[in-house]
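Protein chains: 2
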Amino acid sequence: MATTCKQSTLDLAALARNDRPEGLLEGFVLRELPGGQLFSTPGSHRDEVFVVRSGKLRVYLAGENRELSLSFLEPGDIFTTHTPTYIETVTLAELWVMDTETFAYRLARDPSATPEMMRVLGRMLNDAVYLIEDLAFREVPARLARFLLGLAERRGKSHTNGWLIALDLGTEDIASLLGSTRQTVSSLINQWERSGILQRQGRHSVLLIKCDILASLCQ
Amino acid sequence: MATTCKQSTLDLAALARNDRPEGLLEGFVLRELPGGQLFSTPGSHRDEVFVVRSGKLRVYLAGENRELSLSFLEPGDIFTTHTPTYIETVTLAELWVMDTETFAYRLARDPSATPEMMRVLGRMLNDAVYLIEDLAFREVPARLARFLLGLAERRGKSHTNGWLIALDLGTEDIASLLGSTRQTVSSLINQWERSGILQRQGRHSVLLIKCDILASLCQ
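As they're listed, the protein sequences go chains A and B. The opening residue of the first sequence carries number 25 in the numbering used here; numbering runs sequentially from there. The opening residue of the second sequence carries number 25 in the numbering used here; numbering runs sequentially from there.
Since the hints were derived computationally from the structure, they do not count as laboratory data. Honestly, I wouldn't trust all of these hints.
Intra- or inter-copy, both count: the list cannot distinguish identical chains.
As the list claims (entries may be wrong) - Calculated lysine to aspartate or glutamate pairs in the EDC-like style (CA-CA distance at most 20 Å, straight line): (1) K181 / E125; (2) K80 / E125; (3) K234 / E118; (4) K181 / E118; (5) K181 / D71; (6) K181 / D192; (7) K234 / E125; (8) K234 / E98; (9) K181 / E196; (10) K234 / D123; (11) K181 / D43; (12) K80 / D35; (13) K234 / D71; (14) K80 / E163.
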């Protein structure tokens, strides 16, 4: 929805650079945070709207052993603590902060900030969609390549043309772990066989020929 | 950002129910689409804003062999064709449609629709974040359970207490396919062993004891 925002005349970045909270930012409080500090978590009860005055923040999701960056916030960006994401400062950052309820009343009288909020939300949505595509679709070849190289490294046998690995799993077993389908895994392996990257040897062995290409696919 | 929108007085659902395009919808054209029709694709050049008058639409992402539903649009929801998603009608649907450029000029003069647009964008972002968490974090146990049951079905040996499967892969190999870490996979298997769902038998075999619980984890 980015195109709908071009008409906006509110320059939130310029407004945020002022020393005092003026105009739409009247009543906002300035907070300075060191780099690497967690500003908001999904479970927190705090419900605030903030505008970045300086510095950079990272919006991310976290599982038990893994973090996924969703987006970055920069000067002039407006966002809220009330999302299912983590927000942390990357660098020293200054934020103009106001509680959401007060801001909502303000917004009802003066909606000039909404295009800016939409711009940031729209960007987040785009970033999220690309992350989903990476996870669901594009990561499959990378994870399969990493898996094959891992097997070669841990249990591969040296061979004139590369590394021979025993692979007792069927494509359906591999697909179930990848969250993909047998067809996708099959066509990927066929494609790699045609490109001379690997060669199936009978039903239970694979010869990895071009490990450097597999390694480049892992990124 | 949903809470910031409660102050909005624009009832887009009621406005959309009118027979003629009035108020903010002046100039919008009514389109009727049958159920199951693709309305927008990520690559399309069309750039339109639309408001759902009746029916239901699905917003989704698609890979080679798999679709992922992101969100659903219902009467009163405003959205755009200019996103990296597919949009299709689930049921017979009526949409008020306008090209984005014209709508942007309208919005600059009368920003009353922006809270509604923010509400939908915010909901999409929430849906996207949950989808990412599912894919990246929550799907791991489901895929691992599905993998183990698949092995039992295809190559398991019947055993007094369940199904015995040969598993030549290390936790690191499994983790690389799952897009997870060795620690996560280990702790998951330990947890299932403590719950009596499975039992490791030496280094290369696993006895699946409670297949019904594993099956319930696949959903």
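Here is what the structure says about each hint:
1. K181 / E125: neither (65 Å within a copy, 61 Å between copies)
2. K80 / E125: neither (25 Å within a copy, 31 Å between copies)
3. K234 / E118: Answer is neither: 49 Å inside a copy and 54 Å across each miss the 20 Å cutoff.
4. K181 / E118: Result: close neither inside a copy nor across copies, 56 Å intra and 63 Å inter.
5. K181 / D71: Neither. Shortest intra-copy (57 Å) and inter-copy (55 Å) distances fail the 20 Å Cα cut-off.
6. K181 / D192: both (15 Å within a copy, 16 Å between copies)
7. K234 / E125: The answer is neither: 59 Å in one copy and 50 Å across copies each exceed 20 Å.
8. K234 / E98: neither (42 Å within a copy, 51 Å between copies)
9. K181 / E196: between (25 Å within a copy, 19 Å between copies)
10. K234 / D123: neither (57 Å within a copy, 50 Å between copies)
11. K181 / D43: Neither: 66 Å inside a chain and 73 Å across chains, both beyond 20 Å.
12. K80 / D35: within (18 Å within a copy, 37 Å between copies)
13. K234 / D71: Answer is neither; intra-copy 53 Å and inter-copy 44 Å both fail.
14. K80 / E163: neither (27 Å within a copy, 31 Å between copies)
Figure legend: structure checked against the earlier numbered hints; hints not met, in rising order: 1, 2, 3, 4, 5, 7, 8, 10, 11, 13 and 14.
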